[in-house]
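With full-length UniProt numbering applied, the first sequence covers 1 to 798.
Hints should not be assumed to be uniformly reliable.
[To be verified] Restricting the straight-line Cα-Cα distance to at most 16 Å, the calculated cross-link-like pairs of lysine to aspartate or glutamate (EDC-like) are:
{"hint": "1", "residue 1": "Lys590", "residue 2": "Asp580"}
{"hint": "2", "residue 1": "Lys208", "residue 2": "Glu238"}
{"hint": "3", "residue 1": "Lys336", "residue 2": "Glu360"}
{"hint": "4", "residue 1": "Lys617", "residue 2": "Glu480"}
{"hint": "5", "residue 1": "Lys108", "residue 2": "Glu28"}
{"hint": "6", "residue 1": "Lys310", "residue 2": "Glu257"}
[To be verified] Estimated spans, in silico, between C-beta atoms of each pair:
{"hint": "7", "residue 1": "Glu139", "residue 2": "His550", "range": "22 to 32 Å"}
{"hint": "8", "residue 1": "Leu696", "residue 2": "Gly465", "range": "18 to 28 Å"}
{"hint": "9", "residue 1": "Glu395", "residue 2": "Thr769", "range": "33 to 43 Å"}
{"hint": "10", "residue 1": "Arg259", "residue 2": "Pro39", "range": "58 to 68 Å"}
{"hint": "11", "residue 1": "Glu589", "residue 2": "Val195", "range": "43 to 53 Å"}
Hint data in this document are derived by calculation from the structure and do not stem from the laboratory.
Backbone N, C-alpha and C define an ideal beta-carbon position, used for all residues, glycine too.
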Amino acid sequence: MIAKVIVDVPSSQTDRLYDYEIPEEWIEIVQVGIRVIVPFGPRKIQGFVVDIVSESTFEKTKPIIEVMDVVPILTDELIQLGEWLSEQTLSFRLSAYQLMIPAALRTKVKKEVHLKTERQKISKEILPLFEKENKIPWEQVSKNNRLLKVIHQFVKDGFLEITYQVEEKGKKKTERYIKLASTHLEIEDIPSRAVKQKEVLSYVAQHKEPISVQALLDATNTTRHVLTTLIKKGYVQEIELEVYRDPLAGTNYERTEPRSLTAKQTEVITPIWESLEGEAHQTFLLHGVTGSGKTEVYLQSIDKSLRAGKEAIVLVPEISLTPQMVQRFKGRFGSKVAVLHSGLSMGEKYDEWRKILRKEVQVVVGARSAIFAPFTNIGIIIIDEEHETSYKQEEHPRYHARDVAIKRGQYYKCPVILGSATPSLESYARAIKGVYNLLPLTERVNNRPMPAVNVIDMREELRQGNRSMFSQVLLEKLRERIAKGEQSVLFLNRRGYSTFVMCRDCGYVATCDHCDISLTYHRTNHSLKCHYCGHEEKMPNTCESCGSDHIRFFGSGTQKVEEELTRVLPEAKVIRMDIDTTRRKGAHEKLLTAFGKGEADILLGTQMIAKGLDFPKITLVGVLAADSMLHIPDFRSAERTFQLMEQVSGRAGRHDLAGEVIIQSYTPNHYSIELVRTHDYDQFFKMEMSQRKMGLYPPYVFMVLINISHVELTHVINVSEKITTFLKRQLASDTVVLGPVASPLTRIKDRYRYQCMIKYRNESGLRETLREIQQHYIREMNQGQLQVSIDMHPYIFI
DNA sequence: AGCACGCCGACT
DNA sequence: GTCGGCGTGCTC
1 MIAKVIVDVP
11 SSQTDRLYDY
21 EIPEEWIEIV
31 QVGIRVIVPF
41 GPRKIQGFVV
51 DIVSESTFEK
61 TKPIIEVMDV
71 VPILTDELIQ
81 LGEWLSEQTL
91 SFRLSAYQLM
101 IPAALRTKVK
111 KEVHLKTERQ
121 KISKEILPLF
131 EKENKIPWEQ
141 VSKNNRLLKV
151 IHQFVKDGFL
161 EITYQVEEKG
171 KKKTERYIKL
181 ASTHLEIEDI
191 PSRAVKQKEV
201 LSYVAQHKEP
211 ISVQALLDAT
221 NTTRHVLTTL
231 IKKGYVQEIE
241 LEVYRDPLAG
251 TNYERTEPRS
261 LTAKQTEVIT
271 PIWESLEGEA
281 HQTFLLHGVT
291 GSGKTEVYLQ
301 SIDKSLRAGK
311 EAIVLVPEIS
321 LTPQMVQRFK
331 GRFGSKVAVL
341 HSGLSMGEKY
351 DEWRKILRKE
361 VQVVVGARSA
371 IFAPFTNIGI
381 IIIDEEHETS
391 YKQEEHPRYH
401 ARDVAIKRGQ
411 YYKCPVILGS
421 ATPSLESYAR
431 AIKGVYNLLP
441 LTERVNNRPM
451 PAVNVIDMRE
461 ELRQGNRSMF
471 SQVLLEKLRE
481 RIAKGEQSVL
491 FLNRRGYSTF
501 VMCRDCGYVA
511 TCDHCDISLT
521 YHRTNHSLKC
531 HYCGHEEKMP
541 NTCESCGSDH
551 IRFFGSGTQK
561 VEEELTRVLP
571 EAKVIRMDID
581 TTRRKGAHEK
591 LLTAFGKGEA
601 DILLGTQMIA
611 KGLDFPKITL
621 VGVLAADSML
631 HIPDFRSAER
641 TFQLMEQVSG
651 RAGRHDLAGE
661 VIIQSYTPNH
671 YSIELVRTHD
681 YDQFFKMEMS
691 QRKMGLYPPY
701 VFMVLINISH
711 VELTHVINVS
721 EKITTFLKRQ
731 LASDTVVLGP
741 VASPLTRIKD
751 RYRYQCMIKY
761 RNESGLRETL
771 REIQQHYIRE
781 MNQGQLQVSI
791 DMHPYIFI
């Protein structure tokens, strides 16, 4: 029998199936979906078995060396899905499969040199290497060419051997447990004076299951000594048992019961349940305003799925995967829930994933990659905040979780729910066209009003002589809240202290040496940072260009706002949340908990506070610079502005106290800002669609972005031009090929970046054409200088 | 990605 | 002559 294997070598030349002989004794063991170790040239490497056939068309197949899994780690469905995914995203099949397994299972191959003979036969030159052991790691000799030569000679002579050890990165965690020994000794045999021994033994005897050492010692209030004696005497034995790392250890979840649904909720849940029960796949777009009770619809739909003996996947954006969010699912479904997100350690992720594989849980709540959860009987897939761009992976394979969800939904004939208060234009357009089933949920539960939104014209403020970043109204409202003991949230989509640093005399702006971007001043360590490559330098005292000391800061980031706040509102206690204050593990939660406990009056932050925050005392939300996103050269900037403003507004007045929103803007009449006032999504959709139609942007067309980068500017331009010309020749006449143009960020990390863009409606041969481009530049890309990356349906254009 | 093979310039 | 530089092509 022959196993078709995808080998663990990420390159386009090896992105195909390799045939390996299944040794007679493993015919029963080798199955589709397991990992194996196979010989590959002179090396041995890992591979995924994706098919088993009776014979190979290849002449000399080598046998499989080792089997890595007893149970398949990829289901047939996932293997198919990976093939589809690699075709869709133009990436390697291997990369697709690696997405589906936890990092802990990714193997590292350790290369070693082994001594195979008596030391006397080895030359003096390399003898010292084997002083301690008969093997040394390859890294110890790989840098030394002289040594390599000698080693190669000895390998030829058979005195040394080069071996490849395949190791998994993650380990299963084990703990020591105590159970009764199989040799039945009677408790009466213990001398009566050994009171503690008797006590411990009877405790063990009372419990059927093995008990962890620590638990036993705690329960019997004794020390390790007594236990050791019992083990020595042969009454009990110590065993190692595999345990799960519990990322949520110590947290207790309050059980919640299904709430009775409102009439509106019932109306939207009915078709979902019908799809579930009828096993008829459908994609639903649940358009529910903030506070309309979308989550309860999710929960009861999941419950329905579980009752039908099926599983559920729930995706939420990474940043909103807060304990608050997890709590809602754990509260309802308890231990049936696994949680997957980037905050977990590699081991924790591995454990959560194994619970899914072993069917110990039926619900998974996680960020983007949780869409690949290895369930085999999915009853429902939910994507919350479906408009979030974080569902698109921005590195290869550049997939969108929404597409994967629908693909899996079709396979399992189950409903897929896309939920959002501000759906992406693409999804809403599809819903209107009838491709998705639109489920509007336009009223808030208990008829709570949407927060009142007040847009402040900052030009007017300026005219009245207010040059600060807080409008009169905002300041007044902030003071009011502090006086009343209520809380406020201030939002600014920019971290650091200032956006750029300029010399007043000559106009010189400090820029990064490696990127074409101005540096941001960070007050905390008095330095200038590049937000793209991480480069950091000391803040100069004089202008680098003219030597003047009139260096000034322009624009403001969260750090500056924080400083300003303490100046104008000295009585306010402020918590700042941005990447800089939340980088440390757990910092995010700590700051939120502090705010929740009322330890601060104002929460000041970037993007990350726009979602999921739900504190009863927040009654004021202020957006300091609503335009900051609007003027980014990206066709989605208006959409993002509207979504963000709506999202942020949703933080206010979620409970008994009414909420209020202040939006400061220099372009208050732009529809993306003005329509937030009335929370009018439909109107926004209409306006934005007409813009998209005029500019020929999605959802009217599909896009492909090709990024080309190289250290040499002339070469980038050259390659980009060739690619564009090729595309124009190959593609349909109604397809638009734009470029090549310099990327908005022309240089990052010393590499020049150009791009070509494709806008198309129908293009059957597109993927083949793009594959040809990839194929054509393989050589040059392998050599390391050139990068050509293709992004289907891009979200980031810089 | 590695690794071997093979073809040219520079040195014992 | 040979050592070692890197370009080229293969891995079931």
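Here's how the hints hold up against the structure:
Distance check on the hinted pair: Lys590 and Asp580 sit about 14 Å apart at the alpha-carbon level, within 16 Å; holds. Between Lys208 and Glu238 the CA atoms are separated by roughly 15 Å; this keeps the pair inside 16 Å, and the hint holds. Note on Lys336 and Glu360: the hinted pairing holds, with a Cα-Cα distance of about 7 Å set against a maximum of 16 Å. Restraint check for Lys617 and Glu480: satisfied, since their Cα atoms lie roughly 13 Å apart, inside the 16 Å limit.
For the hint linking Lys108 to Glu28, the alpha-carbon distance of about 27 Å lies beyond 16 Å, and the restraint is violated. For a cut-off of 16 Å, the pair hint linking Lys310 to Glu257 is broken: about 20 Å separates their Cα positions. Against the hinted window of 22 to 32 Å, the Cβ-Cβ separation of Glu139 and His550 comes to about 53 Å, which falls outside the hint. Evaluation of the 18 to 28 Å hint for Leu696 and Gly465 yields a failure: the beta carbon distance comes to about 44 Å.
At roughly 23 Å, the beta-carbon separation of Glu395 and Thr769 lies outside the given 33 to 43 Å, and the hint is violated. One distance hint, 58 to 68 Å for the beta-carbon pair Arg259 and Pro39, holds here, with the actual separation near 60 Å. Evaluation of the 43 to 53 Å hint for Glu589 and Val195 yields a pass: the beta carbon distance comes to about 46 Å.
In summary, the numbered hints that this structure violates are 5, 6, 7, 8 and 9.
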